[in-house]
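Trainee: From first to last, the protein sequence lines are chains Z and L. Start counting at 1 in the first sequence, then tack on 7, and there's your number in this note's numbering. Start counting at 1 in the second sequence, then tack on 10, and there's your number in this note's numbering.
Think of the hints as simulated: they come from the structure by calculation, not from any bench. Here a beta-carbon is modelled for each residue, glycine too, at the ideal position from N, C-alpha and C. Careful: at least some of the hints might be erroneous.
Said to hold, decoys possible - Going by beta-carbon spacing under 7 angstroms, a handful of chain Z positions derived as facing chain L:
1. Val-28
2. Val-98
3. Ser-102
Listed below, chain by chain, are the residues.
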Amino acid sequence: MSPENYLHLSALLFTIGACGVLLRRNAIVVFMSIELMLNAANLALVTFSRMHGNLDGQIMAFFVMVVAAAEVVVGLAIIVMVYRSRHSASVDDASLMKL
Amino acid sequence: MESLIGLLVAAPLLGAAVLLVGGRRLDRFGHWLATGLAALSFTFAAVLFFDMLGREGADRALSQHLYSWVPVADFQADIAFQLDQLSMTFVLLITSVGTLIHLYSIGYMEHDVRRRRFFAYLNLFLAAMLVLVLADNYLLLYVGWEGVGLASFLLIGFWQHKPSAATAAKKAFVVNRVGDIGLAIAIFLMFSTFGTFAFGPVLGSAEQASEGTLTAIGLMLLLAACGKSAQVPLQSWLGDAMEGPTPVSALIHAATMVTAGVYLVVRSGAIFDGAPDAQTVVVIVGAVTLLFGAIVGCAKDDIKKALAGSTMSQIGYMMLATGLGPIGYVFAIMHLVTHGFFKAGLFLGAGSVMHGMNDEVDMRRYGGLRKYMPVTFVTFGLGYLAIIGFPYLSGFFSKDEIIYAAFAKGGTEGWILGGVTLLGAALTAFYMTRIMLLTFFGEKRWQRDAEGNEPHPHESPKSMTIPMIVLAVGSVGAGFFFNLNHNFVDWLSPVVPTADGDSPISHGMVSVAATVLMLVGVGAAWLQYGRRPVPEVAPTGRWITRAARRDLLQDDFNHAAFVTPGNYLTRGLVYVDHKLVDGVVNGTAAMFGGLSGRLRKTQNGFARSYAASMFGGAAILIAVTLLMRAV
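Chain L extracted, bound-state conformation (with noise of 0.2 angstroms):
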């Protein structure tokens, strides 16, 4: 069964070799190879799954040794891999997910000439998320991290000849680069405090180690979480990536790798326990993102830049609960699961939008489109009412127990965070109601595209609905299956520690307010967006909406923040180099320069002078020796 593990990985790392060195001759089958290949990795994902059900608890964890990487002296880096209900939990979401996205990739790219080489990059993102999420140390982990990177680079740029794309993905790539720092400064803390960076030896030692170092350890994690997962202060890079193709936002920049950061502190929970303030800084990048994204969300004409922001939300989501220790770890994961869902699904209706009509993605040119594509507007109904948290679909249960959590935090503190995230679900329920709004309901606001084609809107390929259909499901049972028996928390409990807070709010309570602010937020969208036709034109709004139009002024920031103080830095390092290091040299240069230039006046051919200077050299030569010979 061990050797499972390797092929999970092996089969998609393969469709991205193939397909690579393959070259043209695979264009007309190549999409159905990466496709199959997604699927054969569910397939091993499915039969461990059993298998893994099949034993208790305890003994449910598989680990599989491939080869030591590098062994030297104490530094063992090993390629190994291990599976346990936690990461079970991800390869069943990243190959069902993924397989799924390839399907409805096979509609989406049809008409692109490139596609071969974008199946080629989906499959190398699926081994690299997989590598990530069955590593058995931090290495390891960091070699796929940097592989998710690599391909989410690879794909957000995938339309490389618009220079938006190609900028976006260098923005993507430059901002991660940031948070992998952290990591990479979090793997040689452990190595230095624990001589090893295993998961086991380190998370079973942390609490050895002094509250410092892992506090330090875990604010290094936290940046490297904030950069992946586009956690405030690192998220400006989510919304510019929705330049890539449809799926890939869907996959990658949703439902997939923007979660490794919460894999990661999650995994990495051994460590936060003994780090309380790290924990308190989690919990306000994640309250912080998730109000962020929320507003961002409100604003945005987009529909992908919106379902952006909605992204960011969610995750902000899922780090509080993180940080909230035992009581939030496992509702973080679940929430992770069911955002999966219906976010992935979210996407791929707002692609099969796109691909009706034309490529807009101006919500304000949309509307009506109910009637036209019904597949696309009752699957990414269902999606939109899990995520809101409408009662018994999946978001209601997992956002809920985020948010009881919350308030079992206890104190002042379990009171904010509530608050804030009652607040969340609140404006959650605003923007994805805004979204469904103008794009299902009210009047036509179609506009001719450039090339002067009238929209004709109309329902997407079976690849493509299928795909829906199945995530619709998940998004609409997921939730309800996991809550069933405490189905969740017992099969995650043997590998993440779980606690029962101490709430000042019961359950019925937290549902019947989340509920009711839900109901406040689709009001207030109603009114404003249902009621009344949508202007065409974006009305200028106040401070707040031009603020959260412009991502709440993140470019502005970091641009006044580093992007200028960077410029002037460099043109004050040139200045300093041309000047004064260029100075010393060139001076040096000129000095004996000059000195040569008066010593080369001794060189006159003449050759009685250059015997009258052997002389004089021996006379000096004879009179040092008899001097020194006379003291």
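One chain only, chain Z, in its complex shape (with noise of 0.2 angstroms):
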């Protein structure tokens, strides 16, 4: 099977969650969609690692992994504080950050 084809689904999936992030209000869906984007960038990491036979890709995508996991922790206690204090998980809620 071509690597290419990864590469395509890669694609897909970090489509798919683009869309989540930009088009969902629920916080959490957010979040589940960011994760989303994340796992196709390692996805395509680890096929453009195959495709040219160094494992600069694979090593790239265990720190993403590291990343991602850090990000999940710090993520979901802010959700979960914002949720406490609002109410609501909706992110369209939070706009108080403007000017």
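Got two chains here, separate frames each, mind docking them using the hints?
Mentor: Here it is in structure tokens:
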């Protein structure tokens, strides 16, 4: 099977994730969409690693996973705190940071 | 011996510093300290003079290099003094007249609470004036030049509580500034032409420079001289400068500082010799000022302003003589010295009269004072005879030599200049006789002063009369002594170029003509002011009298030519500044303000909108990258 198919899948997953971030209001879903984009990027990295025959992409993917795990910890904590204070997980409700 | 030159300057400078810093505890004896230091300076000058007499002509010059002020590559500015016969003449005049006027001021300023400060300024003036005449380069001369300007400003405005005095001081300062710019430019030109501004190299190599350069330097030096010496067109400050205390008028605005311009031109003789055009301008300035000052002097009722007109006129004589070149230099200096004596004496006499008359200055309110102030009358009278050129007194010798030199210029110019100087002699006799008759002769026209006090004219104290007597002796004898065996010419000839002119008329005829015209002037004044009583309120007079009372419209001219256009210019510039410059600046600010107001709307606080712009931006970047790669 040609490795390009993996790249197509990666692009598809990234697009789905991007649409999720842009279109959904629920913070949890937005968060999940971000995870989807990160993993799409990981898939692309691993595929390129395979295509080029060296391990750089795979190592990079590990880094992304670690950062994503850390991000999940912080991000979920923020979402929980926002929900507690505002009784809503909608990203549009928290539109206070404007002039 | 050389080290005395520095001390000559240091003594009055020390006096000024001590008196200004010392504060009120010096009030009791500060004036004696200042006078003592001035006398000390005079003593040094006398010692140096006799030492100089002991050597032969060419070896007489001394120099003292104190230190290098600004040594930068080719630019060498030194604090160095040079004492040759020309400087020596000035040093003796400055220190002797200066000491006498210090002495006089002790009596004159007795009741002034700020007397210590006055003496500090007088000492400062002496130091600056000595630097001016002792400097061995133009930059140090400039230091002295500015120093005397400062002292002059401080002393004219000494009674600063009077708005007129404060204004007069400011006017003198501003008008002098115009001249000072000339001196600065002259120094710049010298440095760019000769690479130095020390007297020796500049004057020694003046012949090698082009005539155009020399003319430019000469005209700039003349501008400087016009400012300091109150010559047309920068003459307007001198009359107002009479707001200062009378000793100041005598020392600074008659005997010494105002002659600095003549010194500058004579010192720079080598430059003017190579620039005939500049010389012609000097002569014209001198001739115009000579008549200008004399006409103003004829019309003023204020005794000091009449004398100020006379000062301008006499300096015009000197300026004219310097413009004649080597045939006139020596006589310009000779007239300068004799004028220093008799004009200082006349001013001190005027001060003595004012002292006795409750500070009244209007001569129409004097009259008949000769019985009440005999010493003042006699000394003033001797000064009067000297200035009008009464035979065998000072003015007779020095002025006749200038008239003779003017004729010796040759050709039509010679006749014109000779005629102007002779006319000036007649006018001098007229205005001086007028002052004499109005003040000391005729009926009493005294009036109560503003507080209603009757004037009780009385002779002034000894400290005031002694300087007047000494100066009167100088006025009588100086000319005769200078002329004896050509003393003065021989004394100056090693440093100042001299030449015998080829005059169409002889010395004797000049003397006779000058004397006759002098008698005509005296007679005319007697007919006008001696034969019949003088009205206490000045009659309206003809147009020329009215113009002369207003200083021949000098202020009106300056106002119309400079002040009004200047005002319009500033108003125009302010308008342009407000509308154009501020318009551009404010417009730019408004544009960015409007833009940012629009841009701000993208900051709406919705996280998803930010995310969308991030995606959009990233997409555009990637698209551009791909396109670039495709190309």
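Trainee: Now, for every hint given, state plainly whether the structure supports it.
Mentor: Now for the hints, and whether the structure bears them out:
Evaluation of the Val-28 (chain Z) hint against chain L yields a held restraint, the C-beta minimum of about 5 angstroms falling below 7 angstroms. The criterion of a C-beta within 7 angstroms of any C-beta in chain L is met by Val-98 (chain Z), whose closest approach is roughly 5 angstroms, and the hint holds. The beta carbon of Ser-102 (chain Z) comes within 4 angstroms of a beta carbon in chain L, closer than 7 angstroms, and the hint placing it at the interface holds.
Checked against the numbered hints given earlier, the structure satisfies every one of them.
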